[in-house]
Amino acid sequence: NAGVMQNPRHLVRRRGQEARLRCSPMKGHSHVYWYRQLPEEGLKFMVYLQKENIIDESGMPKERFSAEFPKEGPSILRIQQVVRGDSAAYFCASSPHTGGGTDTQYFGPGTRLTVL
Amino acid sequence: SQKIEQNSEALNIQEGKTATLTCNYTNYSPAYLQWYRQDPGRGPVFLLLIRENEKEKRKERLKVTFDTTLKQSLFHITASQPADSATYLCALRSGYNKLIFGAGTRLAVHP
Chain A
2 NAGVMQNPRH LVRRRGQEAR LRCSPMKGHS HVYWYRQLPE EGLKFMVYLQ
52 KENIIDESGM PKERFSAEFP KEGPSILRIQ QVVRGDSAAY FCASSPHTGG
102 GTDTQYFGPG TRLTVL
Chain B
3 SQKIEQNSEA LNIQEGKTAT LTCNYTNYSP AYLQWYRQDP GRGPVFLLLI
53 RENEKEKRKE RLKVTFDTTL KQSLFHITAS QPADSATYLC ALRSGYNKLI
103 FGAGTRLAVH P
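Protein chains in written order, with my numbering: chain A, 2 to 117; chain B, 3 to 113.
I should point out that these hints are in silico values taken from the structure, not numbers from a laboratory. These figures come from a predicted structure and were not determined experimentally. Virtual Cβ for every residue (Gly too), placed ideally from N, Cα, C. Errors might be hidden in some of the hints.
[To be verified] Subject to a maximum C-alpha distance of 30 angstroms in a straight line, what follows is the list of computed DSBU-like cross-link-like pairs (lysine-lysine):
hint : chain 1 : residue 1 : chain 2 : residue 2
1    : B       : Lys5      : B       : Lys65
2    : B       : Lys59     : B       : Lys5
3    : A       : Lys45     : A       : Lys63
4    : A       : Lys72     : B       : Lys19
5    : B       : Lys65     : A       : Lys45
6    : B       : Lys61     : B       : Lys73
7    : B       : Lys73     : A       : Lys28
8    : B       : Lys73     : A       : Lys72
9    : A       : Lys52     : A       : Lys28
10   : A       : Lys28     : A       : Lys45
11   : B       : Lys5      : B       : Lys61
12   : B       : Lys65     : A       : Lys52
13   : B       : Lys5      : B       : Lys57
14   : B       : Lys57     : B       : Lys19
15   : A       : Lys28     : A       : Lys72
16   : B       : Lys73     : B       : Lys59
17   : B       : Lys57     : B       : Lys73
18   : A       : Lys72     : A       : Lys52
19   : B       : Lys19     : B       : Lys65
20   : B       : Lys59     : A       : Lys45
21   : A       : Lys45     : A       : Lys72
22   : B       : Lys19     : B       : Lys61
23   : B       : Lys73     : B       : Lys5
24   : A       : Lys28     : B       : Lys59
25   : B       : Lys61     : A       : Lys45
26   : B       : Lys19     : B       : Lys59
27   : A       : Lys63     : B       : Lys5
[Said to hold, decoys possible] Quick look at which bits of chain A chain B covers, simulated, 3 or more residues with Cβ under 8 angstroms:
hint : region
28   : 12–18
29   : 38–51
30   : 54–62
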């Protein structure tokens, strides 16, 4: 049973370009979360999605960032017009829908974004 | 505002000893608390979850306690090994299902 998959693992962009990060959840998981980790800092929640729905985007910057989880295919985190401050590790996590309120989140290996 | 604090200083211990890591939180009443391990350049790996009505949880050499009065969780690794060297993250659930993470404590186990 493959774990959470993210690609690319490393992404280099120049200022002003767009970055697209992909996440395929674990088989059977219908909930996806994105977190950002800046160097020497803890993980910060960005957004929580279910298929075709954004449930909580309270951690997403208001400008330039967007996320989706379509009916088919991976979840995408999109950053438009990247700036140097966007350089970080972006982690995706997924969880099953158990309804018990204690869904454990399983993390992918992360995408390390470097903005030149 | 909600705050989670973990000891930012690295914890250095000798192989075979018990490592104890602390997680304190304020302005929050979580239904459960989780501990993760993170190695350099990798994603967090889930270790243990403890609910608010549980005092203690064990898994092999790991033990977690949860004191909702003190607003504190302790994470213990007994008979520590160099392979246990990593950063350990404490996380609380907030809102629908998002996790609020502490900054983590780096553990180094020396042979």
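The hints, checked one at a time:
{"no.": "1", "hint": "Lys5(B) with Lys65(B)", "result": "23 angstroms, holds"}
{"no.": "2", "hint": "Lys59(B) with Lys5(B)", "result": "23 angstroms, holds"}
{"no.": "3", "hint": "Lys45(A) with Lys63(A)", "result": "15 angstroms, holds"}
{"no.": "4", "hint": "Lys72(A) with Lys19(B)", "result": "50 angstroms, violated"}
{"no.": "5", "hint": "Lys65(B) with Lys45(A)", "result": "26 angstroms, holds"}
{"no.": "6", "hint": "Lys61(B) with Lys73(B)", "result": "22 angstroms, holds"}
{"no.": "7", "hint": "Lys73(B) with Lys28(A)", "result": "35 angstroms, violated"}
{"no.": "8", "hint": "Lys73(B) with Lys72(A)", "result": "40 angstroms, violated"}
{"no.": "9", "hint": "Lys52(A) with Lys28(A)", "result": "14 angstroms, holds"}
{"no.": "10", "hint": "Lys28(A) with Lys45(A)", "result": "25 angstroms, holds"}
{"no.": "11", "hint": "Lys5(B) with Lys61(B)", "result": "27 angstroms, holds"}
{"no.": "12", "hint": "Lys65(B) with Lys52(A)", "result": "36 angstroms, violated"}
{"no.": "13", "hint": "Lys5(B) with Lys57(B)", "result": "21 angstroms, holds"}
{"no.": "14", "hint": "Lys57(B) with Lys19(B)", "result": "23 angstroms, holds"}
{"no.": "15", "hint": "Lys28(A) with Lys72(A)", "result": "14 angstroms, holds"}
{"no.": "16", "hint": "Lys73(B) with Lys59(B)", "result": "16 angstroms, holds"}
{"no.": "17", "hint": "Lys57(B) with Lys73(B)", "result": "12 angstroms, holds"}
{"no.": "18", "hint": "Lys72(A) with Lys52(A)", "result": "6 angstroms, holds"}
{"no.": "19", "hint": "Lys19(B) with Lys65(B)", "result": "14 angstroms, holds"}
{"no.": "20", "hint": "Lys59(B) with Lys45(A)", "result": "26 angstroms, holds"}
{"no.": "21", "hint": "Lys45(A) with Lys72(A)", "result": "26 angstroms, holds"}
{"no.": "22", "hint": "Lys19(B) with Lys61(B)", "result": "17 angstroms, holds"}
{"no.": "23", "hint": "Lys73(B) with Lys5(B)", "result": "11 angstroms, holds"}
{"no.": "24", "hint": "Lys28(A) with Lys59(B)", "result": "28 angstroms, holds"}
{"no.": "25", "hint": "Lys61(B) with Lys45(A)", "result": "27 angstroms, holds"}
{"no.": "26", "hint": "Lys19(B) with Lys59(B)", "result": "20 angstroms, holds"}
{"no.": "27", "hint": "Lys63(A) with Lys5(B)", "result": "23 angstroms, holds"}
{"no.": "28", "hint": "12–18", "result": "violated (count 0)"}
{"no.": "29", "hint": "38–51", "result": "holds (count 6)"}
{"no.": "30", "hint": "54–62", "result": "holds (count 4)"}
Hints 4, 7, 8, 12 and 28, counting from the list given before, are not met by this structure.
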